[in-house]
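Student: Just so you know, the sequences run in chain order X and F. According to this note's numbering, the first sequence is numbered sequentially starting from 1. According to this note's numbering, the second sequence is numbered sequentially starting from 1.
Hints may be right or wrong, so weigh each one.
Straight-line Cα separation of at most 27 Å, DSSO-like style, residue types lysine-lysine; simulated pairs [what the hints assert, rightly or not]: (1) F:K9 / F:K109; (2) X:K9 / X:K114; (3) F:K37 / X:K114; (4) F:K109 / F:K137; (5) X:K37 / F:K114; (6) X:K114 / F:K9; (7) F:K37 / X:K109; (8) X:K59 / X:K37; (9) F:K109 / X:K37; (10) F:K114 / X:K114; (11) F:K109 / X:K137; (12) X:K9 / F:K114; (13) X:K9 / X:K109; (14) F:K137 / F:K114.
None of these hints come from the bench; they were simulated from the model.
There are 2 protein chains.
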Amino acid sequence: MSAALHLAKPDDLARLLPLVAAFHSEVELQSTDEERKNALMPLLEGSPHGAIYLIGPSKGPIGYIVVTFGWSIEFGGLDGFIDEIYIRPGVRGRGVGAEVITSLAGMLKSVGMKALHLEVEPANDSAMRLYTRCHFKARDGYLLMSRVL
Amino acid sequence: MSAALHLAKPDDLARLLPLVAAFHSEVELQSTDEERKNALMPLLEGSPHGAIYLIGPSKGPIGYIVVTFGWSIEFGGLDGFIDEIYIRPGVRGRGVGAEVITSLAGMLKSVGMKALHLEVEPANDSAMRLYTRCHFKARDGYLLMSRVL
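Only chain X is shown next, with the shape it has when bound in the complex (with noise of 0.2 Å):
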């Protein structure tokens, strides 16, 4: 199984939207079509904010991630989280997972990002395996709050 990662372009969207759509289908987070579409193109545009990878051949891709770009003073510099990752159920369990994110970390790390993050439910314990095999440590201590605007 190829995990080989493709920078996706504009031109990937009708290929990335049933991808996006299956994964919002297993984690019940509720969009339309059209509110996927209007959050994915920008970052399929080379919005500086993020980066889209199909995973696999990029004709027949079996998942994506999308990798957004931050800042922390904290970190020193430019930070990145890991927004979505998503596998095809049917190549799931032969390594694809790790070896996605590993290569995205190298990757990463070659241009300067200083430290990746992202967040998981701790229930869900194939993602902690997968996630600490891959050397992600839990911010102990804190926890994230939001404020939708």
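With chain X fixed as given, assemble chain F onto it according to the hints.
Tutor: Okay, now just chain F, sitting in the frame of chain X:
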């Protein structure tokens, strides 16, 4: 007490650095003057990844707030992170923090930001009260994990 916000520019570095040093010392975050300067300057110079605002009179600020910009497919576009907020100890307890966050949230919403996030230590009662009063809610059931690159 005026909690006016001024976008900090490179010329403000000398006024900003002692405030950032005081904050890092207070929260026991190890950083050198050089590291702080390197992390702050790109934002002062107009990086798309964030902005720094001085709180109060621009010639004699009483604090600062660093907001970094990211992207979220879930929230549907641009999101932000309150990376650091600091108010001089002598002027705390007068509502400056709430005023600053409310004003910043309104400004960021007006330019299209969808959601604002922050990290807090749950044991820090005054911070929890401030953020709750400012309509931040815990991302229940999620754990933040980080990997230094």
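Student: Is the hinted pair K109 of chain F and K37 of chain X satisfied, with a Cα-Cα distance of at most 27 Å?
Tutor: holds, 21 Å
Student: Hinted pair, alpha-carbon criterion (27 Å max): K137 of chain F, K114 of chain F. Please report holds or violated.
Tutor: holds, 15 Å
Student: Could you grab the alpha-carbon distance between K9 of chain X and K114 of chain X and see if it respects the 27 Å cut-off?
Tutor: holds, 25 Å
Student: Verify the proposed pairing of K109 of chain F with K137 of chain X, using a straight-line Cα cut of 27 Å.
Tutor: At roughly 32 Å apart (the allowed maximum being 27 Å), K137 of chain X and K109 of chain F break the hint.
Student: Below or equal to 27 Å on CA atoms is what counts here, so check K9 of chain F against K109 of chain F.
Tutor: holds, 22 Å
Student: Given the hinted pair K109 of chain F and K137 of chain F, is their Cα-Cα distance within 27 Å?
Tutor: holds, 17 Å
Student: Between the alpha carbons of K114 of chain F and K114 of chain X, is the straight-line distance 27 Å or under?
Tutor: holds, 25 Å
Student: Does the structure keep K37 of chain X and K114 of chain F at a Cα separation of 27 Å or less?
Tutor: holds, 16 Å
Student: For the pair supplied as a hint, K59 of chain X and K37 of chain X, is the alpha-carbon distance within the 27 Å limit?
Tutor: Given pair K59 of chain X, K37 of chain X holds - Cα atoms ~19 Å apart, limit 27 Å.
Student: Hint check: K9 of chain X vs K114 of chain F, CA-CA at most 27 Å. Holds or violated?
Tutor: holds, 23 Å
Student: Between K37 of chain F and K109 of chain X, is the straight-line Cα distance small enough, at 27 Å or below?
Tutor: Holds: K37 of chain F and K109 of chain X sit about 21 Å apart, inside 27 Å.
Student: Is the Cα-Cα distance between K37 of chain F and K114 of chain X 27 Å or less?
Tutor: Holds - the C-alpha atoms of K114 of chain X and K37 of chain F are around 16 Å apart, at most 27 Å.
The structure shown violates just one earlier hint, number 11.
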